[in-house]
Amino acid sequence: MAELARGMRSREYSSEEVTRHFLERIESGNGRLNAFVTVTADRALQDARRADADIAAGRGGALTGVPVAHKDIFCTSGILTTCSSRMLSNFVAPYDATVVERLAAAGTVLLGKTNMDEFAMGSSNETSFYGPVRNPWDEARVPGGSSGGSAAAVAARLAPLATGTDTGGSIRQPAALTGLTGMKPTYGRVSRYGMVAFASSLDQAGVLAQTAEDAALVLEVMSGFDPRDSTSVDARVPAYSRELDAPVKGLKVGIIREFLGEGLEARTRDAVESALDAYRSLGAELVEVSLPALPLSVPTYYVVAPAECSSNLSRYDGVRFGHRCEDPKDLLDLYTRSRGEGFGAEVKRRIMTGTYVLSAGYYDAYYLKAQKVRSLINADFRQAFAQVDVLMGPTTPTPAFGIGEKVDDPVTMYLNDIYTIGANLAGLPAVSVPCGLVDGLPVGLQIIGPHFAESRLLAAAHAYQRETDWHRRAPQGWA
Amino acid sequence: MSIEWEVVIGLEIHAQLATRSKIFSGSSTAFGAEPNAQANLVDLGYPGVLPVLNREAVRMAVMFGLATGATIARRSVFARKNYFYPDLPKGYQISQYELPIVEDGSVDIVLDDGSRKTIGITRAHLEEDAGKSLHEGLGARSGIDLNRAGTPLLEIVSEPDMRSAREAIAYMKKIHTLVRYLEICDGNMQEGSFRCDANVSVRHEGKHEFGTRCEIKNLNSFRFIEKAINYEMARQIDLLEGGGSVVQETRLYDPDRNETRSMRSKEEANDYRYFPDPDLLPVSLDERWIEDVKTSLPELPDDKAARFVREHGLSEYDAGVLTASREMAAYYEDVVRRLGGEPKLAANWVMGDLSGYLNRDGLDVDRSPVDAVRLAGLLARIVDQTISGKIAKEVLEAMWTGAVDADAVIESKGLRQITDTSAIEAVIAEVMAANPRQLADYRSGKDKLFGFFVGQVMKATGGKANPAQVNELLKKLLAER
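Those sequence lines, one after another, are chains A and B.
Under this note's numbering, the letters of the first sequence match residues 142 to 620, in that order.
Under this note's numbering, the letters of the second sequence match residues 7 to 487, in that order.
Because the hints were derived from the structure by calculation, they are not lab data.
One or more hints might be untrue.
Simulated coverage check for chain B against chain A, where a stretch passes if three residues somewhere in it have a Cβ under 8 Å from a Cβ of chain A [stated by the list, open to error]:
#: 1; region: 54-64
#: 2; region: 81-92
#: 3; region: 95-104
#: 4; region: 274-281
#: 5; region: 284-298
Using N, Cα and C, we set each Cβ at its ideal position, and we do this for glycine too.
Produce the complete structure using the sequences and hints provided.
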């Protein structure tokens with residue numbers, strides 16, 4: 142993407158040409174992958190012509206004219222924002238999310254909105270109302286989720302980059318399963334305004350791209366304080382793309398003991414360990430660290446996230462927007478049928494779980510206890526970062542699994558996020574970097590940093606990508 | 007012999023804070039706009055939008071806390087109260103639950119016998135109001151107006167310290183006075199800016215345990231509160247004396263029938279599933295900011311009343327009446343200042359004739375046709391003896407309708423008091439000459455006839471003769487032979 146933008150600025154090709162190229166790829170490839178819910182071809186060409194005019198007038202920036210796909214969780218003015226739910230299948234937002242606004246202001250071209258797990262609840266993109274997304278590396282397999290459409294689109298080169306959101310691993314896990322660089326910044330780094338809420342204390346927008354450099358260029362535009370989001374942080378955003386060359390030599394890397402034990406598939410482990418070796422040879426200092434509370438992150442997450450979602454999704458009542466049932470008899474009928482018809486099974490499961498854990502008599506045993514465990518996990522990370530600069534481990538326990546393989550077993554499905562959820566609970570930035578192939582399927586190395594250490598993570602990822610070419614590999618037939 | 011019952015009352019007052027925009031959105035809070043004209047995407051609970059706290063609402067809550075001697079929480083937390091209702095767009099109300107911004111305050115009320123009683127304030131917390139459901143003129147359908155949704159409220163929860171409807175009213179009026187002094191609420195009960203729910207229970211006098219309570223919802227006039235509490239108290243006593251028991255429930259007061267009716271029982275009550283709102287950071291207040299708010303507080307009603315007693319020599323009762331509203335107190339003080347003293351005279355006129363006219367015409371003091379400048383002008387003519395107090399009443403009446411100065415009325419109507427000794431003596435001489443029999447009787451010892459002569463002189467002068475001079479001169483002339 143960075144090269145693409147340079148090519149446009151040096152007038153080798155125009156944004157319109159580039160945009161047409163991607164629209165053609167979407168046209169021919171999306172039928173197989175189901176990565177897009179909405180393709181905005183006309184809008185894309187308009188955006189591209191404007192970008193070309195800006196470049197011609199010498200007003201081109203690093204992202205001017207670069208096509209981008211937005212996860213269908215970001216509100217886009219005048220364009221459907223469905224969250225891949227029947228509930229919002231008719232919802233046209235009257236405004237742009239801050240992320241959308243900032244990327245548009247930077248001159249990017251909107252290709253369309255990508256498929257996702259319904260309301261971002263899922264790890265396989267199988268809960269979408271619009272059907273599952275297929276992994277371009279093996280179309281019988283899932284691309285991961287919930288930002289699966291964004292991941293499949295970028296991996297199959299239908300888009301040079303895409304936005305995503307990560308509540309429990311929804312950027313990093315699909316990035317790992319599709320061979321991409323996926324970054325979830327620090328909680329509060331990117332505004333949540335206009336991002337349809339799943340679990341507000343965990344949701345964070347980020348990016349899926351081919352390289353750490355691309356991710357850096359996009360993140361420095363997306364990030365920053367937004368007065369419309371009280372949880373966004375008012376702190377300077379470094380120019381990530383200019384800090385990519387910080388040396389890895391002397392970097393203290395903590396290897397999370399709890400992430401290398403039982404449950405980690407052997408060849409995924411091998412790939413991660415060879416990535417760690419690469420860091421060692423780059424001069425990093427590797428030490429094993431233990432975060433004893435971290436294995437509790439999955440049960441903790443499955444209390445906190447459903448609790449918040451049960452409340453966040455109460456606004457979908459069939460009254461003001463979204464799906465409304467036919468001929469409601471009375472108010473209760475309007476509520477129960479609109480919601481019953483509008484939400485899919487996984488969303489209902491989480492609303493019910495969340496309602497239960499917040500109920501009188503259960504609050505202390507579940508919600509409050511989960512918050513206490515969350516503090517313990519935070520404390521573990523704090524202690525670890527007192528000793529090391531970054532933490533490393535696998536992003537997922539296995540490469541991509543088959544479509545339909547885990548849908549009937551939510552707990553096994555939930556365990557797919559076992560390595561990613563901790564960073565969400567602690568609000569930490571984390572990136573997944575492609576580090577190998579297992580049976581032709583990508584696996585990812587996860588790098589977690591202290592709050593606001595995005596630069597450090599991106600530089601570490603960039604250093605690795607200068608030594609390796611895993612991030613350059615494209616799925617067969619999609620190069 | 008019948009058992010003595012005691013009623014126990016606690017009030018939850020909802021005061022709408024007088025901020026220009028809503029508590030979590032930039033929409034206007036002005037009353038009376040077209041339905042939904044003042045509801046933006048945040049108020050409508052659109053997907054993706056987020057609440058942003060209005061700092062002004064926080065400042066107002068802190069003002070209230072400081073004015074009631076309460077503890078101001080250095081850290082308070084907004085929580086979500088979850089329930090479904092069409093006028094609640096998000097499906098939850100943002101309120102404060104475990105960590106409210108204000109705790110442990112109190113106010114003093116004056117009881118009917120003049121004694122004082124302290125009423126505890128358990129807490130006061132910030133929350134957003136819901137919208138309104140409209141049922142009129144829409145046939146079988148209901149409409150929703152979300153203009154009110156997101157309006158900032160301060161919910162002020164009292165201790166169960168009140169023992170009669172009169173005490174409850176006194177407390178409510180006290181809070182009403184206070185929020186208006188602080189200018190944090192316009193106190194308009196008709197528009198719902200100031201309303202309350204009452205928790206009422208009864209018990210045998212002398213008992214320590216509380217009885218089972220009922221909550222009476224949405225009382226928006228002082229008169230209704232008194233009637234509703236008295237009705238509810240009688241209902242509960244009847245139940246208990248009839249061998250029944252009180253069921254904990256929420257009841258609604260119907261002013262047309264003067265009764266309370268069951269809305270929902272405890273069993274039917276919602277489980278609100280409160281939890282901290284992850285969209286809002288905890289509110290952290292630093293000492294300097296709180297100190298700044300403290301210094302910005304106006305003189306509070308109790309302090310003002312104490313000063314009127316101390317510096318003006320008013321009675322506690324008068325001081326209490328005059329300070330019941332900030333505007334009335336300001337009017338009174340303005341009169342005294344312009345008059346250069348005479349606080350008792352000013353107090354009597356403000357509380358007496360002026361308040362009489364205001365009540366008659368249903369006007370607030372700041373809308374009085376006779377402003378403080380003019381009333382002071384009138385009272386100055388009493389002080390300098392241009393007119394008597396009695397004539398002054400006549401002048402005030404003319405000023406009220408004619409919107410003119412006292413002096414203009416006195417001149418045009420020729421009401422200037424006669425203080426010229428020779429003029430009064432001449433009138434007295436005429437009266438004596440016209441009433442020889444009474445004069446003879448008086449001189450033979452019928453002292454009571456003195457009043458008759460005073461009356462005749464006043465009548466002859468059209469009431470304008472200075473009464474003190476008339477007395478003095480009459481005594482002298484009647485005694486002369």
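Here is what the structure says about each hint:
1. 54-64: holds (count 6)
2. 81-92: holds (count 4)
3. 95-104: This one holds; 4 residues, not fewer than the three required, reach chain A with a Cβ under 8 Å.
4. 274-281: holds (count 4)
5. 284-298: holds (count 4)
The structure fails none of the hints (numbered hints given earlier).
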